[in-house]
Amino acid sequence: MSAAALPSPAGRPPGNPRSEPSGVPVLIGREDQLQALVRVLSEQGTGGASALVEGDHGSGKSALLRAVLDQVRRDGDLVLVASGEASERGFAFGVVRQLFERAVAAESEESRQALFAGHTTAAARLLEPPADTTAAEGTAPDDEALLNGLYWLAVRLSERGRLVLVIDDLHWADPASLRWLHYLLRRAGNLPLTVLATLAPGAAALEAADPGSADRLGAVHRLFRHRLALPALGAEAVAAIVQKTLGPGVAPSFAAACRSATGGNSYLLHALLSAVGAARPDLGSLTGEQLGSLLPPAVGRAVLGLVASAGADAVAVVRATAVLGGDGSAVDLVAGVAGLSQPAAEDAVHTLVHAGLLVRTEDEIGFSCPLVAEAVADAVRPSRRQELHGRAARLLLEGDAPLTEVAGHLMHGPVGDGCTAEVLRGAASQATRQGRPEQAVLFLRRALREPLSEATRASLLIGLGGAELASNVPAAVGHFQRGLELSRDPVERTAAARRLSAALFALDRYPEGLAALTGTSAALHDLDPANALRLEVDFIYGSLSQAASATSVLRRLHELSPEDAEGSTVERLLAALLSVRAMMTGSDSEAAVRYARQALVHGLNPVDDESGVYMGALLALGAAGRSELALTYADAALDAARARGSGFAYAVASSARARVHCRLGRVADCRADAANALEALEETGIDLRHSHCIAPLAILMDALTKQGKVEYAAELLERGGLSGDLNGHWTNDYVLLVRGRLRVAQGRLRDGLADFLLCGRRAQARGMPGPSVLPWRSEAALALLALGETDAARKAAEEELRSAREWGVPEIVGVALRATGLVTGGARGLELLAEASELLAETSAQLCYAQALADLGARLRLAGRAGEARDHLRRAASVAHRLGADAVAERALDELRAAGDRPRTRAFQGVEALTPTERRVAGLAAKGMTNREIAQHLFVGLRTVEVHLTNTYGKLGIDGRPRLAETLCREAAVAAAPASEP
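In case it helps, the working numbering puts the sequence shown at residues 165 to 1146.
Possibly wrong hints are sitting among the right ones.
Claimed, not checked - Only pairs whose alpha carbons sit at most 20 Å apart, straight line, appear in this in silico EDC-like list of lysine to aspartate or glutamate:
(1) Lys959 with Glu970
(2) Lys1091 with Glu1130
(3) Lys873 with Glu1130
(4) Lys1091 with Asp803
(5) Lys1091 with Glu1110
(6) Lys1091 with Asp1123
(7) Lys873 with Glu1082
(8) Lys1091 with Asp799
(9) Lys408 with Glu195
(10) Lys873 with Asp1050
(11) Lys1119 with Asp1058
(12) Lys1119 with Glu1130
(13) Lys959 with Glu1002
(14) Lys873 with Glu847
What the hints contain is simulated information worked out from the structure, not anything from laboratory work.
Just need the whole structure built from these sequences, with the hints factored in.
Right under this line is the structure:
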């Protein structure tokens, strides 16, 4: 059935209703809706089922769910239940915790360990927070890890049998839980899973509190397969409920008055009838207006008035229960907040439970309806409410309750309590460690309302900025700036300035970010030289990335020495910058490797010193001819990202590894990693034109061009907004090189040459004259040669060769030799091409080797030396084909045909026909990973994995997994063999 509202048969008279323990029938008028839900639950099929029950507050949604769940539990399904709460919407993953915490707690220790092994580790850290609340903040999983881990927790529970997730009052769910539900519903199609939820769609107060709530709810709303509307109760149903509640002698006019006063709202009707039943007024004298006076906000006063007849202790218990949230409060805590002895509180609770106002489960109590709690709490005077919250916070703190629970009451307590700010700061740290930055933001904002010392206010502001980075970068900037102004602690100021600059860079406010770094560094120069240097390193690296600021730091960059940080905590960070300097100057490749290895001893993202400079060290390794070593660091970063379950970290690491594969000439792998990076960025909500996408986008365009897929590369160029003028960020220097190659492949030689020359001007202005990173002169020389401008081409090639020899890295020299040989021509040109081929054969830059071989073979053929030409061309075709560089392979094959050879044609079956993603998925499957494990590993949907494997089986001519590993190995061996003689 479609996502339209479920149809209900009309005309059925009210039947015998199910009654709640209070004796109030709640299903009169809801018989058809109950049957509709039963039909949803009976859907078995291959996929999951989901239904959303929509109706106004108090329309009977919760009662309908309870009724249908009685049947589900009798069927033996695992049922997990949660409900949203308006006062807890600011607490991240609150609804998710309700769903899973009790089920997890009921598991044995061995079962819990199995449940939280592997992909679900992050979920364990949410549902089983560590006892040590002083652990480092950096140990918390991020949002992506939690969403992914919780999804896999649901998967594992569903593997035991059908899992039924029930969320009441979805409109009050916290944003983090809504994000998880969206994540789950998008992937639940093939799981034995049913999701039932209730929603009050017209929650005006919710929209006023959070304008983004409507968007989040709308996104989740669309994913439910079935939607069931609960209309207001009709006159016939209301009359039946009145008769059943108050007795058969009630006049029809009174029932009509009730229908008019309540509008057919189930909760209001029952609340009204409960009040009427307790007071026993003259029913015949009550008018509709008089009945209406009992409705909210009068409901709270009516409840307190009713409770007053049970005595002052009962009133105190009701008020305390309401302030504590109205549900799941321990009786001893309620007694303490109410200011009662334990026996007095127990007596009052006993009376209220029997009156139907409270419900009790073991040692916890709560209101029978959440709206009653809200109404009662609103009826308590604000000053009294603050006092009760403050009392609750003190009692919870004395009882060693989690700081986040204590903070929930301090949020609403009186201002001026001496320990409030410190407790709220501790709670914010705990929330951050548990991956709930939104909750930390609420706590810290409340803490800042307290009377504080300047130092404490500075720390709170900086902490608030850090918590806001996950969701509100502009706000974080303001709080970092204010905290930095107030702070006098050198370590705190250093951390604040670095995080402030990162936030400003993310907003493309580079001048302000650089000013924050240099200003703080100057202020700390005499007070804390080590941290001043740490800030200066970040400042220099940030300045180098921008054309407008690069030249201003070159002098200081060249003045720096390893001795400046010797023996300090800044050694690795400075070593990373020095490796970048060596790469830029192009004069000492060994120094670049030495510094890079020192910098990367703790990987690309050291937990004690995160900085973008370390990525520069990885690039330096590649530029110095150590791409294989660079690959090990990129692989480790990718593994770490997978372990964290972070889509963004996975994207960054994939982009870094794609760049390394590009150096190695592994075009297919390069394309796969770049595409994975872009897909992961898209999954995290980052648009293709965002600055984070520039590097993987350019790498993917380069790979497509090398594969001869020029049209696709050009389309990607336009979609990414990179076809026009580019800003001064140094990533765009690389874009110009790639765009120039694409233009040349399109036959637009002049446009390509212009891009190469502009790339060179920008690189030289930034202090990067050599070809170690951007071999723009070699590319320009070949474009000039094609345009017939041989003198200019020769000059560019010779200058490139001179710089390359100074750098001394064989693969860089080989590339320059190839260009020089092509430009020089004749016998000398053949010698240079042969030298380039020999030199590149011993390097890891195998695509450059294939290009040099193809060029040497082509020139030998033109020189009438066809026999020699064929040997080089066959090798070129074989190497290029293995790397996935189809354009080079096809050119070599064309030359072979021109030399009279009969090379084999390109394969459309076998390993060679697999796409990069198909190869990756097939390789993981061949290692024994399940489809779900592959989906987790690659951050894609289960269906995507299934499609890739189906395509793979067809191309390999096999039926399924049993022969996959054997076929892959055999086909790969054949593909790697050189072409046979004609």
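Evaluated hints:
Among the hinted pairs, Lys959 with Glu970 is consistent with the structure: their alpha-carbon atoms are about 17 Å apart, no more than 20 Å. For the given pair, Lys1091 sits about 11 Å from Glu1130 by alpha-carbon distance, which is consistent with the 20 Å threshold. Simply put, Lys873 and Glu1130 have alpha-carbon atoms about 31 Å apart, too far for the 20 Å limit, and the pair is violated. Between Lys1091 and Asp803 the CA atoms are separated by roughly 16 Å; this keeps the pair inside 20 Å, and the hint holds.
At roughly 16 Å between alpha-carbon atoms, Lys1091 and Glu1110 fall within 20 Å of each other, so this suggested pair holds. Between Lys1091 and Asp1123 the alpha-carbon distance is near 17 Å, which keeps this suggested pair within the 20 Å criterion. A hinted pair counts as satisfied when its Cα atoms are at most 20 Å apart, and Lys873 with Glu1082 qualifies at roughly 18 Å. Using a Cα cut-off of 20 Å, the hinted pair Lys1091 and Asp799 holds, with the two alpha carbons roughly 18 Å apart.
Between the alpha carbons of Lys408 and Glu195 the distance comes to roughly 16 Å, so the proposed pair stays at or under 20 Å and holds. At most 20 Å may separate the alpha-carbon atoms for a hinted pair to count; Lys873 and Asp1050 meet this at roughly 9 Å. Restraint check for Lys1119 and Asp1058: not satisfied, since their Cα atoms lie roughly 26 Å apart, outside the 20 Å limit. About 14 Å separates the Cα atoms of Lys1119 and Glu1130, which keeps this hinted pair within 20 Å; it holds.
The suggested pairing of Lys959 with Glu1002 is violated, with an alpha-carbon distance near 24 Å, which exceeds 20 Å. For a cut-off of 20 Å, the pair hint linking Lys873 to Glu847 is broken: about 25 Å separates their Cα positions.
Hint compliance for this structure: hints 3, 11, 13 and 14 are broken, all remaining hints hold.
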